[in-house]
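Assemble the complex: chain A is given as a structure, and chain B must be docked to it using the hints.
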Amino acid sequence: MVPIDRRAFLGTFGAGISALSGCLGDSNADAEPDPAGDGSDGGSGSAAGGPPTVERSLPAAYTADELEEASRSGGPPPDGIPAIEDPQFAEATDPPASLDDGDPVFGVVLDGEAKAYPQSVLVWHEIVNDVIGGTPVSVTYCPLTGTAQGFHRGGTTFGVLGRLINANLVMFDRATERWWPQMLATRITGDDPGDHLAEFQVVWTTWERWRSVHSETVVLTEDTGFARNYGTDPYGGYNPRSGYYASDGFLFPPLAEDDRITPKTVVVGMRSANGAVAVRKETLREERLVEFDVGGVRHAAVYDESLDTGYVYRVGSGGESGNGSEGSDGADAEAATLSWGDGDVAVDGDVHAPDSLPFEREIAFDAMWFAWYGYYPMTDLHQ
Amino acid sequence: MSARRASAALHGVSGDVAGAVRLTLGRRDSAAVVVAVTIGYLLAYLWATGDLSLRTGIDPGVLVIDDPLARLFVRTGPTSFGAIATVDTGVIRLLLSPVNVAIGTAVAGLVGINLGVTYLAIRRPEACGIGAGSGPLASVPALLSGTVCCGPVVLLAVGVQATAVVLTAFVWLLPVGIALLLASLVYVATKVDPRRPSSSGGD
Chain A
-16 MVPIDRRAFL GTFGAGISAL SGCLGDSNAD AEPDPAGDGS DGGSGSAAGG
34 PPTVERSLPA AYTADELEEA SRSGGPPPDG IPAIEDPQFA EATDPPASLD
84 DGDPVFGVVL DGEAKAYPQS VLVWHEIVND VIGGTPVSVT YCPLTGTAQG
134 FHRGGTTFGV LGRLINANLV MFDRATERWW PQMLATRITG DDPGDHLAEF
184 QVVWTTWERW RSVHSETVVL TEDTGFARNY GTDPYGGYNP RSGYYASDGF
234 LFPPLAEDDR ITPKTVVVGM RSANGAVAVR KETLREERLV EFDVGGVRHA
284 AVYDESLDTG YVYRVGSGGE SGNGSEGSDG ADAEAATLSW GDGDVAVDGD
334 VHAPDSLPFE REIAFDAMWF AWYGYYPMTD LHQ
Chain B
36 MSARRASAAL HGVSGDVAGA VRLTLGRRDS AAVVVAVTIG YLLAYLWATG
86 DLSLRTGIDP GVLVIDDPLA RLFVRTGPTS FGAIATVDTG VIRLLLSPVN
136 VAIGTAVAGL VGINLGVTYL AIRRPEACGI GAGSGPLASV PALLSGTVCC
186 GPVVLLAVGV QATAVVLTAF VWLLPVGIAL LLASLVYVAT KVDPRRPSSS
236 GGD
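Protein chains in written order, with our numbering: chain A, -16 to 366; chain B, 36 to 238.
Rather than coming from a laboratory, the hints here were simulated on the basis of the structure. The beta-carbon is built from N, C-alpha and C at its ideal position, and this holds for glycine as well. Treat the hints loosely; a few may be bogus.
Derived contacts from chain A toward chain B, CB cut-off under 7 Å, selection only [stated by the list, open to error]: (1) 58; (2) 59; (3) 60; (4) 63; (5) 210; (6) 212.
Computed spacing ranges between beta-carbons, pair by pair [as the list claims (entries may be wrong)]: (7) 215/A to 67/B: 30 to 38 Å; (8) 81/A to 78/B: 20 to 28 Å; (9) 225/A to 97/B: 24 to 32 Å; (10) 83/A to 53/B: 29 to 37 Å.
Beyond 10 Å from chain A on every Cβ pair, some chain B residues (computed) [what the hints assert, rightly or not]: (11) 64; (12) 207; (13) 217; (14) 225.
Okay, chain A solo, but in the shape it has when bound:
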C-alpha cells in the first residue's frame, strides 16, 4: 500500500490502493486528535461554505469518477429521506416509549456531553444535524450497510441524497451540494475531489448498555418534526435480528464481493494511511484482544464488554493516523506487551480501560462485511 497524493490519485484509474489527501482553505496539518479519547479528529479546513475537512490519507480502490458512475437511485429524491434538523432529547430516565433496553442506539461523547441516537429513529432519517458539546456535527446511519458514523459539519448541514454507492448512504452538504459517501467520508463530486471529512467515533451499542455506562446521557426523541412510523423498521429488526439484517440477500449490489464470511456479518472496520482492516465482531467478543499489522504497523483491536463495541489502536509507530495526526507519544509502542484481564487491558503491566489505552485510537465502526469489502477490497480480514 503506497499512499500517493490526491493529484496522482486523480490521474490513476482503477488502481488498487491510492491515497487521498486534501484539505481546502487554511488546513492545519498538525491538528491533533482529541486527547480525551473520544476519537474526535476535529476539523482543519473547508471548502467555501462546505463542511470542515482534514489532511489525511485513506486507502481508495476507486476513482471519484468510478464512484459517481456506480451511484444508483435508491428510490427517494434528495431529502426524500429527511435529515433531522432540530433534534429533541430526553433524559435517560424518560426515553421514547418504543425504545427497549436491547434496542440498538448510536452513542456519542464529545467534550463531555453524551448523547444516544436510537436506531429506530435514525432508520427513518439517516442523518441528524446536531450540536454536541458546542460543536456542529452530523450523526449518520445507513441501514443497508449497518454503519453509524459521525462527522463535523461546520456551518453547513448534510442531507440524504437518495442515491446509493455500494448500497451505502451518499450524503450531500447543503452549502456546495457535493456528494460525500458515508463510509468513505470523502468528497467525490465537484472540482478536485478527494477531501476527507473530519470524523469522530460513534459507538453502536444497546440502550441499556449505553445508559449504564453514561448515566448522564440524553437520548434522541421521536419529536423530530416529521410524521414517521417510529418503533418499526422498514428493513427488518435488530432486537432480535430479522429481515434484511439477517438475510444474505442484497437490495443493491456491492462494488466487489467476497465469500470468506457471510455478507451481513458485522465487522469492526478501520482504515487509515496504513491500510484497511476488518475484525469480525464476534471474534473480537470471543478473543477480547486481537493484534495485527496494518501496512507493517502494529495495531490492536480491543473489545469493550460494557458497550459491546470494539476500538482499534495504532500501537506501533510509523505512518499517519487515519485521524490525520502523526505518531503517538504514549507507551513504548513497539515493545509494549498487551494482555486482557477482567474487562481491562494491561499495557506492560499498567491497567487501562478498553477505551483509553495509551496509544493513538483510530476511528473504527461496525459495518456489514459486504459493504466494507465493497469499498475496501484491499482490506485485511481477521475472522
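Then chain B, alone, in the frame of chain A:
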C-alpha cells in the same frame, strides 16, 4: 375526415364508459362492489406505501407536525409524499399524507369501477363475454408502486436486486397501472350494453 372519425370513436367510447359507470353505480349490488373494492384497495395501497400499519399499545390520538403545508408536497419516493400527521387508534396507525390518500383514492376508485363493471358483465352474461381478471390484473402495478416509499424492500422478499432497470420500472408502475386500469375500464365498458334489461340485481 379521419380526425372526425377518431373524434366520433372517442365520443362513442366515452359514452360507453359513462353509461357503464352509471349502470354500475345505479344498481345496489354493483355499487356495493365498487365501494367495497375501492375501500379495500385504498387500505391496501396505504399499507403498501407504509402509511397504514398495525400498532398496538399506543394511546389513541392525532399528532400534526409543525408547518404541515410545507411538507404536503415533499416527495418521499417517485410517487409518494410526506405525511403531515400521525393518527393512532390504539390498533392501527395512519401516517396521514393527503397526497398519498388522494392518489390512492383515485387508483382505488378506478379499480373499484373496473371490478364493478366486470361484476355486471358477469352477472349479465348475455351482454358480453369477458372474464373477471382484467380489472384486478391492471390494479397490480399501481399497488406495487406504493412500495417505493422508503426503499424497494419488496424486492428483497422476492429475491430481486434493485438494478437500474428495476428501479426505473418502479417509477413507471403508477402511471402504467393507471393507464392499464383506464384501458381495462374502456374494454369492459364497451362490452356492457346498458340498454339490455338486467337479469338480476338490486335495481
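So, going through the hints one by one against the coordinates:
| no. | hint | in the structure |
| --- | --- | --- |
| 1 | 58 | 5 Å, holds |
| 2 | 59 | 5 Å, holds |
| 3 | 60 | 5 Å, holds |
| 4 | 63 | 5 Å, holds |
| 5 | 210 | 4 Å, holds |
| 6 | 212 | 6 Å, holds |
| 7 | 215/A to 67/B: 30 to 38 Å | 34 Å, holds |
| 8 | 81/A to 78/B: 20 to 28 Å | 24 Å, holds |
| 9 | 225/A to 97/B: 24 to 32 Å | 30 Å, holds |
| 10 | 83/A to 53/B: 29 to 37 Å | 56 Å, violated |
| 11 | 64 | 37 Å, holds |
| 12 | 207 | 13 Å, holds |
| 13 | 217 | 26 Å, holds |
| 14 | 225 | 37 Å, holds |
The structure fails hint 10 only (numbered hints given earlier).
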